[in-house]
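J.: This is what each chain is made of:
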Amino acid sequence: MEESVKPGLRIREGDCVVLKRDEVFKAVLVLRRRKVIFEKQWFYLDNAIGRVYGTTFEVSSGGNLQPKEKMEETTTETKEAGTDNRNIVDDGKSQKLTHDDIKALKDKGIKGQEIVQQLIENSTTFRGKTEFAQDKYIKKKKKKYEAVITIVKPSTRILSTMYYAREPGKINHLRYDTLAQMLTLGNIRAGNKMIVMETCAGLVLGAIMERMGGYGSVIQMYPGGGPVRAATSCFGFPESFFNTLYEFPLSKVDSLVSGTFSSETLPSEPEYNVPVEEESNGSLDEKQTLTQETEEESSTEAVMESNETEEQETMDLVAEDTEYKETKEKGNKENIREKQRKQQERRRKLVETAALLEQKNADGLIVASRFHPTPLLLSLLEFVAPSRPFVVYCQYKEPLLECYTKLREKGGVINLKLSETWLRNYQVLPDRSHPKLTMSGGGGYLLSGITVTAEKVQSNASSLEAQKIEEPTSKKRKLQELHC
Amino acid sequence: MEESVKPGLRIREGDCVVLKRDEVFKAVLVLRRRKVIFEKQWFYLDNAIGRVYGTTFEVSSGGNLQPKEKMEETTTETKEAGTDNRNIVDDGKSQKLTHDDIKALKDKGIKGQEIVQQLIENSTTFRGKTEFAQDKYIKKKKKKYEAVITIVKPSTRILSTMYYAREPGKINHLRYDTLAQMLTLGNIRAGNKMIVMETCAGLVLGAIMERMGGYGSVIQMYPGGGPVRAATSCFGFPESFFNTLYEFPLSKVDSLVSGTFSSETLPSEPEYNVPVEEESNGSLDEKQTLTQETEEESSTEAVMESNETEEQETMDLVAEDTEYKETKEKGNKENIREKQRKQQERRRKLVETAALLEQKNADGLIVASRFHPTPLLLSLLEFVAPSRPFVVYCQYKEPLLECYTKLREKGGVINLKLSETWLRNYQVLPDRSHPKLTMSGGGGYLLSGITVTAEKVQSNASSLEAQKIEEPTSKKRKLQELHC
Amino acid sequence: MSFVEYGDTIKDGDTAIVFLGHESMFPVKVQHGSKTQTKYGVIRHSTDLIGKRYGSKVTCSKGGWVFILHPTPELWTMNLPHRTQILYSTDISLITMMLELKPGSIVCESGTGSGSLSHAIIRTVAPTGHLYTVEFHQQRAEKAKEEFQEHKVEHLVTVKNQDVCKNGFGVSNVADAVFLDIPSPWEAIGHAKSALKIEGGRICSFSPCIEQVQRTCLAMEEHGFTEMNTLEILLRVYNVRTISLQIPDLGKAQGTAQFKSGVPLKEMVGHTGYLTFATKSLF
Amino acid sequence: MSFVEYGDTIKDGDTAIVFLGHESMFPVKVQHGSKTQTKYGVIRHSTDLIGKRYGSKVTCSKGGWVFILHPTPELWTMNLPHRTQILYSTDISLITMMLELKPGSIVCESGTGSGSLSHAIIRTVAPTGHLYTVEFHQQRAEKAKEEFQEHKVEHLVTVKNQDVCKNGFGVSNVADAVFLDIPSPWEAIGHAKSALKIEGGRICSFSPCIEQVQRTCLAMEEHGFTEMNTLEILLRVYNVRTISLQIPDLGKAQGTAQFKSGVPLKEMVGHTGYLTFATKSLF
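Residue numbers (the UniProt record's numbering), protein chains in the order written: chain A, 1 to 484; chain B, 1 to 484; chain C, 1 to 283; chain D, 1 to 283.
If you are wondering where the hints come from, they were derived from the structure by calculation, not from laboratory data.
Think of the CB as a built atom: it goes at the ideal place given N, C-alpha and C, for glycine as much as any other residue.
Hints may be right or wrong, so weigh each one.
[Stated by the list, open to error] To give an idea of the interface, some chain D residues facing chain A are shown, with a C-beta separation under 10 Å as derived from the structure:
no.: 1; residue: Y40
no.: 2; residue: G251
no.: 3; residue: S281
no.: 4; residue: L282
[Said to hold, decoys possible] Derived BS3-like pairs: lysine-lysine, alpha-carbon spacing no greater than 30 Å straight-line:
no.: 5; chain 1: C; residue 1: K252; chain 2: A; residue 2: K153
no.: 6; chain 1: A; residue 1: K417; chain 2: B; residue 2: K436
no.: 7; chain 1: A; residue 1: K141; chain 2: D; residue 2: K145
no.: 8; chain 1: B; residue 1: K360; chain 2: C; residue 2: K197
no.: 9; chain 1: D; residue 1: K62; chain 2: A; residue 2: K139
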């Protein structure tokens with residue numbers, strides 16, 4: 001069956017893949033002879049190359065991955081069970097295997113499943129436990145000793161879940177279901193011309209690009225020296241998706257709005273420095289909480305295993321792969337000429353992007369940043385066509401209250417809505433169904449609305465006509481693509 | 001069996017009772033030949049007198065209550081049922097009985113249960129509906145045509161649920177589960193000396209008094225001319241409970257704290273005016289919402305049927321019954337002398353209450369008001385002993401953020417916690433279990449904490465000693481009561 | 001206008017949304033010569049709507065004004081004629097993301113119901129994907145077909161009037177995702193599995209009652225689905241209000257304190273249904 | 001000190017709460033000559049505690065300080081030794097109100113578990129009420145008895161070591177309220193009914209799983225209980241923080257905006273159990 005699978009569904013060298021064990025995810029680059037550490041296990045991904053996405057592997061001795069053909073059912077004998085736990089006395093002596101015994105088993109290369117079986121056999125209290133308690137015991141031990149890893153293809157679902165669990169600070173604590181609301185409320189779809197302002201490591205940008213499927217265009221507004229797209233690069237989009245991705249510096253927005261924009265004042269060389277996360281009290285404290293919560297997993301571990309603190313590099317690898325290599329290979333003198341050429345290229349693209357914005361006909365605006373949302377909204381909504389949705393995410397409710405008020409005062413927007421979502425996970429098991437015992441305390445807040453024509457536009461028919469005449473070229477292209 | 005019941009469990013004339021139909025409650029006074037309107041039905045309570053609390057009645061023609069000895073099971077034949085509703089076409093013509101037909105049945109004195117049976121027989125689509133849809137149909141019709149009413153004894157559970165459903169504006173939208181948290185967090189129990197500042201119609205005061213069972217003492221702080229105890233009077237507490245209930249005007253608090261308090265400046269006559277509810281934008285809007293939501297029941301209908309807008313009178317009826325009658329019966333001249341006597345009595349009690357507060361040894365503070373909580377807390381905590389809990393309710397979160405900050409700055413409090421609760425109701429039925437489809441959007445916010453000795457007290461041993469020497473008499477009495 | 005493409009101006013035959021005020025709106029079929037009554041007076045389509053830009057303010061005959069909005073699946077969900085209980089945008093958002101829908105996805109859905117989710121799916125899978133939607137109620141299936149035509153998305157959707165539990169989706173090994181909103185989803189899990197691509201895909205079942213979820217999970221497990229996950233999502237909306245709170249008179253200062261507050265609505269939707277997601281793996 | 005009465009000063013034999021800082025505390029048995037180690041150093045009971053006022057700041061040997069708090073059932077719940085899963089104050093609050101507990105109430109409870117709820121019940125029914133608590137695990141029953149003695153509430157409670165499903169509560173027609181927190185509550189509903197007063201009373205069953213609730217509701221209905229109502233309550237705690245948000249540089253103004261925010265914790269308790277309440281009526 002595996003032979004019939006399309007090549008795109010197979011794991012290739014250089015792919016960004018996601019490792020999965022139970023509910024834990026981690027994104028890594030597939031590189032040969034490169035040690036990967038995941039959930040306290042280390043291994044090599046070499047054997048995964050060529051396999052189909054979704055394959056589950058066992059880690060064998062030497063760190064090699066062995067495909068696990070079929071998920072075996074728990075064959076552990078649990079026939080003998082107590083009816084309740086009234087006779088269980090917890091004295092910490094119920095397990096006869098010592099830590100050294102277990103280590104010896106592991107060193108002998110005994111598989112996790114067998115270790116679990118041995119643990120059960122050497123427990124003096126196991127048979128006295130209720131069936132429920134036995135199940136719980138097995139699950140716990142399996143988790144600890146069975147090293148089973150599934151490799152899955154990245155997607156918004158996987159990456160947003162992963163980021164929220166592992167590095168919520170990098171995505172401003174944007175919970176995945178909140179991101180899901182943004183994509184729907186923003187009517188994100190193929191053919192749109194979207195404006196995106198995010199400081200979520202490029203996750204929100206990636207989610208939008210996934211939903212647009214390469215049709216239409218995205219203008220990413222960025223603070224500082226250049227856009228951050230570490231998470232975007234994890235999606236593994238085809239090169240073509242990046243042809244319609246534009247970027248524009250936030251610091252130029254006011255001049256564009258006021259008509260004084262000039263591409264000449266562009267900073268000579270983009271520093272592409274990852275902006276220093278301006279941690280508030282809140283975020284700092286929450287980091288501490290996180291550390292306490294995830295004893296099993298260091299919270300400082302980077303999402304991209306192979307690129308610890310080199311997020312930007314990861315992006316380049318995928319998005320501007322060729323450029324990146326060229327720059328490295330060339331000598332120093334050539335480098336200067338190259339720099340000038342690139343500088344010109346950047347200026348050309350900046351002018352093009354400015355023109356796209358100046359058409360003021362974007363199909364929507366998505367904001368999810370660590371900045372105060374009010375000034376962003378008041379400026380960026382200028383570039384959005386009437387009757388289009390906009391969605392702003394903020395980790396805190398208070399700034400959105402202010403944003404709501406300011407937008408109301410300014411006008412040109414209707415159907416304003418401030419909301420948050422509650423997400424509950426359930427355990428559904430025969431006779432043991434209930435909501436999961438822990439849940440996320442909050443997924444952030446959203447303010448959404450719809451643009452309408454401002455008064456001045458309506459009372460001035462000629463300007464409306466003018467807008468019609470200069471129908472944007474990019475929009476025409478977009479339409480052609482849609483009907484193919 | 002009914003004969004063995006203690007007299008206190010029987011409905012007496014003059015009792016404040018709660019009418020209950022499904023999830024709808026309403027408090028009324030039991031008076032002979034007094035028409036009561038509840039859930040669009042009118043009837044007399046005469047037949048309820050002498051019956052046991054918890055009895056369910058049917059309303060027969062002429063508005064007389066008939067005890068319903070046993071809740072009959074739905075005997076409606078629902079054997080024939082469709083498997084799904086694919087063939088149901090909703091054309092609004094499925095019921096052959098007209099409105100006039102139904103009215104005629106009712107006028108003939110046909111009981112509700114029979115009317116429902118006739119509706120089923122005259123429905124052309126009933127048999128084609130799924131069992132689930134049939135059940136739903138029957139329930140809806142039963143609710144409409146069967147006039148079954150249960151009379152229950154008031155309690156915090158019943159009254160707080162009733163107020164939240166019917167008149168949330170009167171209790172500052174304090175949801176019953178939030179009140180439950182306050183009582184627990186405040187460690188309310190027999191023998192305490194509690195300070196209460198509430199503008200929840202006396203509901204919070206009543207809840208506290210119920211939990212103290214007449215042991216200990218309660219000092220109610222009040223704004224304006226006098227304390228509001230409309231809801232307190234609904235509990236039907238014995239007279240003795242009011243012997244240890246004190247009241248103190250908020251406007252005297254600062255002078256008490258600063259040591260300039262004088263009972264001479266007492267307003268000459270308490271106006272006992274119900275304070276005008278200072279409705280904010282918010283509350284007003286919510287009233288409108290409420291009106292839209294409760295089509296079935298006018299939201300302007302007062303809780304106490306027999307005392308439409310005379311809340312204060314209701315209180316007098318129960319709490320100061322004899323006084324009230326006397327005042328009415330006496331002539332005008334005698335009235336003046338009587339007034340003077342009462343004035344003196346009030347002044348005496350005020351001085352007594354001031355002394356109780358000045359001991360600064362209250363066992364807790366409960367605040368639930370429409371006022372900004374910060375000044376209340378900063379002043380009233382002065383009267384609380386160290387190592388005692390306090391709880392503040394506010395309908396809005398923002399004032400409690402400020403209150404939290406101010407208390408932190410001032411010191412003398414630990415374990416500050418800002419919280420809200422989510423309450424979910426479930427439908428548990430065979431094969432149809434799920435959370436109820438609507439839930440309360442919010443039950444308000446709580447700030448709780450524990451007092452500790454402020455620095456100055458600790459460094460000054462003599463003042464601590466002084467406090468010990470003048471051990472309050474009321475507290476001694478309280479202890480004696482406890483050990484009886 | 002179409003439901004998968006923005007247009008700038010209102011055209012004859014468009015479905016537009018008339019926005020009267022906060023949460024008060026309705027859809028209108030724009031037709032030359034047609035009139036629409038609102039509480040603010042009449043809107044004449046030929047003069048008031050056609051040729052105007054979407055998002056424009058339109059003054060009605062009585063002097064009041066409305067905004068005319070371009071339809072989106074979300075506005076449609078808020079305004080569509082209910083033929084059944086419908087799915088709302090909060091659940092739809094999670095379904096769309098968790099099923100990993102995107103342009104090009106092939107999706108199977110049952111039942112079509114009032115088409116609320118269908119429109120959202122079509123929007124997301126366009127321009128290269130497709131929705132196969134199965135509805136056992138004949139009237140509803142026909143009405144849905146009409147709506148898809150009116151909304152110019154009929155090329156992206158196939159409506160079938162059949163019982164999914166008995167006859168499945170009528171396609172096999174084509175779908176990237178399957179969505180079930182039927183009374184007995186456990187009876188359709190086998191059909192769902194065979195509709196999914198050989199290399200696998202995602203499934204979601206929506207059920208209001210926990211017993212349905214329990215049976216569905218068992219059926220999913222029997223059919224070898226993995227990554228099973230049951231979720232519930234609720235929307236909490238806040239009204240933004242300026243609140244004045246009185247400063248109590250303790251003998252000194254008085255007055256009021258003003259602040260902005262996000263006030264939760266008195267009542268909210270407490271439950272729509274449980275969403276159970278799972279993956280069909282190659283192995 | 002007792003758990004049903006405040007005392008002003010710390011006495012020999014008291015159970016006091018040592019408060020180290022936010023949510024960090026532990027109980028200590030005050031004894032002449034005893035010492036307690038904390039991270040701030042040693043506390044000597046004779047000199048540092050006995051005779052001091054509750055709520056006092058006590059400086060430890062290393063110079064750090066702690067507060068010594070009077071015990072309350074709520075502080076006990078936060079600090080007691082866990083012998084089982086325990087009920088927390090959020091659920092306890094609702095149980096107490098919905099069971100209509102007050103001074104004088106007679107209550108039956110099973111199982112006693114770690115005594116978290118028991119202490120709260122005793123507090124509320126004192127001085128004239130009584131708690132009959134049944135625990136099938138012998139060790140636990142004995143430990144609970146000891147604790148009640150230490151906390152000076154033994155006159156308000158009777159602990160029985162038996163199986164409530166088989167043997168009931170050992171009392172009949174005395175209780176105003178019954179509380180069940182056992183794996184098979186449906187097996188004890190009959191016993192609960194006969195423990196309740198003839199004229200009626202309230203019952204509550206706490207179960208983590210919905211299947212337990214379903215069976216319990218059926219059993220309650222069979223035994224003629226009315227007013228059945230299943231609830232769930234969750235606590236959402238907010239941290240009060242001063243947040244600084246950067247004003248973005250759009251080419252003009254920059255800087256930061258500061259505000260107070262109530263920030264929800266990253267994780268919260270998502271489920272403890274379902275609470276099913278019902279009434280036993282006279283008829």
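J.: For every hint, state whether the structure bears it out.
T.: Quick rundown of the hints versus the structure:
no.: 1; hint: Y40; verdict: violated (20 Å)
no.: 2; hint: G251; verdict: holds (4 Å)
no.: 3; hint: S281; verdict: violated (30 Å)
no.: 4; hint: L282; verdict: violated (35 Å)
no.: 5; hint: C/K252 - A/K153; verdict: violated (67 Å)
no.: 6; hint: A/K417 - B/K436; verdict: holds (24 Å)
no.: 7; hint: A/K141 - D/K145; verdict: violated (35 Å)
no.: 8; hint: B/K360 - C/K197; verdict: violated (75 Å)
no.: 9; hint: D/K62 - A/K139; verdict: violated (45 Å)
Violated hints for the displayed structure, listed by number in ascending order: 1, 3, 4, 5, 7, 8, 9.
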